[in-house]
Structure formats: structure tokens, C-alpha cells
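Novice: Spelled out, the chains give:
2 protein chains.
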Amino acid sequence: MAVLYEKVALIGLGLIAGSLAHAIRRGGLANTISGYARSAETREIAREISLCDDVCDNVADTVKDADLVILCVPVGVMGVVAEEMKPHLKRGAIVSDVGSVKAAVIASVAPHIPEDVHFIPAHPLAGTEHSGPHSGFAELFDDRWCILVPVENTNTDVLTQYVNFWKAVGSNVEIMDAEHHDLTLAVTSHVPHLIAYTMVGVADDLGRVTDKEVINFSAAGFRDFTRIAASDPTMWRDVFLNNKEATLDILGRFTEELFDLQKAIRGGDGDYLHKYFTRTRAIRRDILDAGQDTDVPNFGRNLTKES
Amino acid sequence: MAVLYEKVALIGLGLIAGSLAHAIRRGGLANTISGYARSAETREIAREISLCDDVCDNVADTVKDADLVILCVPVGVMGVVAEEMKPHLKRGAIVSDVGSVKAAVIASVAPHIPEDVHFIPAHPLAGTEHSGPHSGFAELFDDRWCILVPVENTNTDVLTQYVNFWKAVGSNVEIMDAEHHDLTLAVTSHVPHLIAYTMVGVADDLGRVTDKEVINFSAAGFRDFTRIAASDPTMWRDVFLNNKEATLDILGRFTEELFDLQKAIRGGDGDYLHKYFTRTRAIRRDILDAGQDTDVPNFGRNLTKES
Chain A
154 MAVLYEKVAL
164 IGLGLIAGSL
174 AHAIRRGGLA
184 NTISGYARSA
194 ETREIAREIS
204 LCDDVCDNVA
214 DTVKDADLVI
224 LCVPVGVMGV
234 VAEEMKPHLK
244 RGAIVSDVGS
254 VKAAVIASVA
264 PHIPEDVHFI
274 PAHPLAGTEH
284 SGPHSGFAEL
294 FDDRWCILVP
304 VENTNTDVLT
314 QYVNFWKAVG
324 SNVEIMDAEH
334 HDLTLAVTSH
344 VPHLIAYTMV
354 GVADDLGRVT
364 DKEVINFSAA
374 GFRDFTRIAA
384 SDPTMWRDVF
394 LNNKEATLDI
404 LGRFTEELFD
414 LQKAIRGGDG
424 DYLHKYFTRT
434 RAIRRDILDA
444 GQDTDVPNFG
454 RNLTKES
Chain B
154 MAVLYEKVAL
164 IGLGLIAGSL
174 AHAIRRGGLA
184 NTISGYARSA
194 ETREIAREIS
204 LCDDVCDNVA
214 DTVKDADLVI
224 LCVPVGVMGV
234 VAEEMKPHLK
244 RGAIVSDVGS
254 VKAAVIASVA
264 PHIPEDVHFI
274 PAHPLAGTEH
284 SGPHSGFAEL
294 FDDRWCILVP
304 VENTNTDVLT
314 QYVNFWKAVG
324 SNVEIMDAEH
334 HDLTLAVTSH
344 VPHLIAYTMV
354 GVADDLGRVT
364 DKEVINFSAA
374 GFRDFTRIAA
384 SDPTMWRDVF
394 LNNKEATLDI
404 LGRFTEELFD
414 LQKAIRGGDG
424 DYLHKYFTRT
434 RAIRRDILDA
444 GQDTDVPNFG
454 RNLTKES
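Going down the list, the protein sequences come from chains A and B. Numbering-wise, the working numbering puts 303 at position 150 of the first sequence, and it's gapless, one number per residue. Numbering-wise, the working numbering puts 379 at position 226 of the second sequence, and it's gapless, one number per residue.
Think of the hints as simulated: they come from the structure by calculation, not from any bench. Relax, there's no trap hidden among the hints.
Intra- or inter-copy, both count: the list cannot distinguish identical chains.
Subject to a maximum C-alpha distance of 20 Å in a straight line, what follows is the list of computed DMTMM-like cross-link-like pairs (lysine to aspartate or glutamate): (1) Lys-397 with Asp-385; (2) Lys-243 with Asp-207; (3) Lys-365 with Asp-330; (4) Lys-365 with Asp-439; (5) Lys-428 with Glu-282; (6) Lys-320 with Asp-310; (7) Lys-428 with Asp-358; (8) Lys-428 with Glu-410; (9) Lys-365 with Asp-448; (10) Lys-243 with Glu-268; (11) Lys-365 with Asp-296; (12) Lys-397 with Asp-413; (13) Lys-397 with Asp-424; (14) Lys-365 with Asp-446.
For reference, chain A alone in the conformation it holds in the complex:
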């Protein structure tokens, strides 16, 4: 592949930035990768493992001469970081981000984007339960989707090149507006995370069932929730505070459905339950067909499986 940007700057050096660094190198997409993290300890680790060509001690040096700057920090601090880097951005550069909500990021970042800089918000739908500079790997984005949410009057050539960048790190690319993004993600990500956190919290609370039992017997379903509920607390706090409306909307629908199922259980309505549980199987099949999950039982946890 060809070099798409002479210098790429990554602000924040966690799972997504680290995976981007690996994927950019895998594809030979940039000549230089600079990086910055607020924590001195994170910068030190990044230097030790040579995560970037240049780990800088401040935002100004990191974005200097960069053709593409990607904000990989929690949604709640993107505005502050954007304000800080504003005077140091190269004319004609692209500023992007990887935040899980888009309307709030646009509201906080766009005011700090200079006239001669392009702003193209992005959201790669990829992640694991791990975080920190060690956690990244080049394949994270392979066959996953990245949603781009261009603001008004985005230059078409610049956008096309940036689409190609995400394709080159392995993603499929979809373009949509911020409001639709935030609602869609509330369904496919934000509310599922909130529910998982809640269920793990309930189990943690329960005096009548010992901790050890919850742990030992987790393979019966609960453990899949704990993986989701082990995700970065700061990132998720910011997601919920910044996608409040859509989250509360979907949460309301969830509660209504749950009450209907609860009523069916209380009333012994087996037909209702069976019909409901049958309907949800089809969605699983579609996800497998779309290549967004593996059909190996237990997600391949049984590595010695024969058949």
C-alpha cells in the first residue's frame, strides 16, 4: 500500500490509538507516527514498546506538521484537547476522532477547528475489554465497521482520502449523520453496556449468593456480561453523559419489553416466552452471515474442540 499521510498524530495512547499505530505500520500508510498521552507513565510505556516513532511530551509537538490528527481520548475531554492543539495545527490538515458518540463530540470540538483545517469525525466499531498502550494490535479493525460523520461542506477529495485511510487499516466504512449514529449506537452498544454493568452490579451486591459462587458458576451466561462490564469506566461514563437522550430513549423501550416478559413469567405464559425467544435467534444468524462474529461454540473458548 501507499503512504496516505506524511505524518499522523495520535492523541491518547490507549487501545484504539495503539491499534491504529500497529495498523498504520502494517499498511505503510504514514512515514511518521507521533503520539501523546496525558499520563507520563503511559508515555513511558509507549516509548519502551516503540508504539509510535515519536512520543511527545505535549500536544503542540505532537500535532506539529501532522497531516492527520486523530483524537483517541475519552469523549468528555475532546473539546479541551481540541482547544489546546488549535494554534499548532498545520494548514490543510485533517482532524478526526474515534469517540463513541458523535453529536456531543462535534459540538465540543468543531468550535476549535481553524478555517483551513478539515474536521471529519469518525467512530471505529471495534474494541476489546482491555485498555492502555499495551492492549493495541494491528488486526483490531479488520472487517469491522468505521462510521464517518462528516460535518457540513466537507471537501469531497479530502473525505475520499480519509475513507481510504480507514479501509487501509482494515475497516468497512459507512457514512451517516450524527443523530442517526448516536441512536444506532445506543441500540448496538451503549444500552447493552449499561445493562451488562447493571447485571454485574446486582450480582456483586447479592448477600445471599457468595462471591465465590457467582465467580465459579459464571460460565452459565453471566461471564459474557462481565467482559462487557470490564470496559474502561471513564470512557463509558463519558459515553452515557454525552449520549443521554438516545440512551434514555432505548432504555425506556428496553424496560417496557422487560416488563412484558416479566409479566409473562409471572402469569406462566409459555407461548409468549417461546415465541419471543424464537424470534431473537434469527438476528444471531444474520450477524454470523455478516462476518461480525464467529460461529465457533463459546466464541472458540473450547480450543480443543474436536468436531
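Chain A is fixed; fit chain B onto it per the hints.
Specialist: Frame of chain A; chain B shown alone:
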């Protein structure tokens, strides 16, 4: 390993019975395995893949001369099957089951157990989202837990031998009473499944987000719910109808917690959210330490991961 039972009979030939057949053969734990399924199609498949030594066309032949009979059918039909096999059981045999609820199974099966037959209810905490005679594999129970729920006055020697059987198919064994089992499983399995079914149902309903989007963007969290919600509808209908009290109890606590988190989101209480999300991480760590899940990111879905 040594032969523990001359003949083992498996009633119902789905994931659990199939995996038991493989694990019994792996360990050389029986000289003969007989099997029966109500569906002629299932029996035909079981014969084709030689799942058992002897696939019978009725319950009577299946349990004849068997030293151990394990009911691997949905919880809702266990009583009927027990009644049917009653006249054909060998004196001194053990009858067991693998149902996900225990108090209801004991209530429906125990009345049909002859005086000279031992009844030892069991629940192996192992499963995948797949079902049917093809889905079994020998390693399903390895390092998973099996809970035994002996009824009053169970013969100690017989119980010890049956504990050894489950250890020989790969499980750790825990003994508890039926009520405690049903509450513990409501937390670690039944309510998580109900919530997953509900979330998938909500996504399926949502007109404003297209099906294709829900599918494509599922990697952001939702897909882990769809795996759980792809489990066998009949089995799960019976679980909820037969563990009604504990399910509704835990569901009530879940709803309360969820409303607290909802209120925190609505009110913008970031500290509450952050504190909650931090607490739930510890449980994940304990599950990994207990060997009940893998630490590989994404459950090892990224099979090409470098680090």
C-alpha cells in the same frame, strides 16, 4: 480411567447428552451408552454419527438394565419422561438429570422414582449457543462446575461414585440444596439470559434503525447478547416457568439498579457512573483467576493477534 457404570442411558440427545456421550467415551467410563430422543429425525442423526452405542426407539428399551439414567430433556417434560420410564428402571440404578432448575425438577420427577432407585439431580454449568445431536463435544464439561442437589437420605457411597462420574467427564463438583441452587443460577444465568433476549428483541423491533445496521454494527457490544439470545427457546421457556420466584426476585433487584443508573445519566451524575463501572471490573478479574473464562481479547475472536 475405569468403567464406573456398565450401562449409561441418555434421554434426550441434544448438546448436553451428546457431549456426555463423547466425554464418557473419552474417559472409558461405561461399556454401553444407550440413547433416546422423542424426534425420529434426531434419532436418525444420532445413529448416523454413532453418538451412542445403541439409539433406541422408546424409553423402555433405553433405560433397561441401565445403571445410570440421565434425563437431558427440557425441564418442562422431565416429569412425564420419569413417569414413562418408571416401570423399566433397574433395581439399584441411579436416575439423574441436567436441568437448569432444581426445585421444580425434584417436585416433578421424585414422585416417579421407585423405592429401590437412587435419585440424584444434577446441573452441569456448561453450554454453548448450539443445540441438537451434532453440537456435542467431549470437552464441554472440562473445568466447568457441576452442581449436585441430592434429595434427603441419599446413600453416601452411591453419591460419592456419582460425584466421581462428573469429575471423570471433566467437571468440578459442588453440592448444595435446591433452593440455593435456583437462586444462584437466577443470578449467574437465568436473569442474564432474559436480559439478553430482551435487548435483542428491542433491537429487532426498532424501526428507526435498520436491521442491516444492527447487524453490521453489532461488534460494539450487542453481538455478545445475541449469542446468549440464540440459545434453545424451549429450554429457556421451561427455565423461566420453573424458576419463577427466584427469577422475579433477581429481576426486581436488576430493575431497581437500572433505574438508579438511569437517574444518574438523566441527572448527569458522572461520579456515580464512574464509581459503579469501576466496581464491576474486579468481578471480571476474579472470573479469569478462577479459570472460568479466557483473557484473550474478544474471547480470542482475533485469531491472528500478534502480541
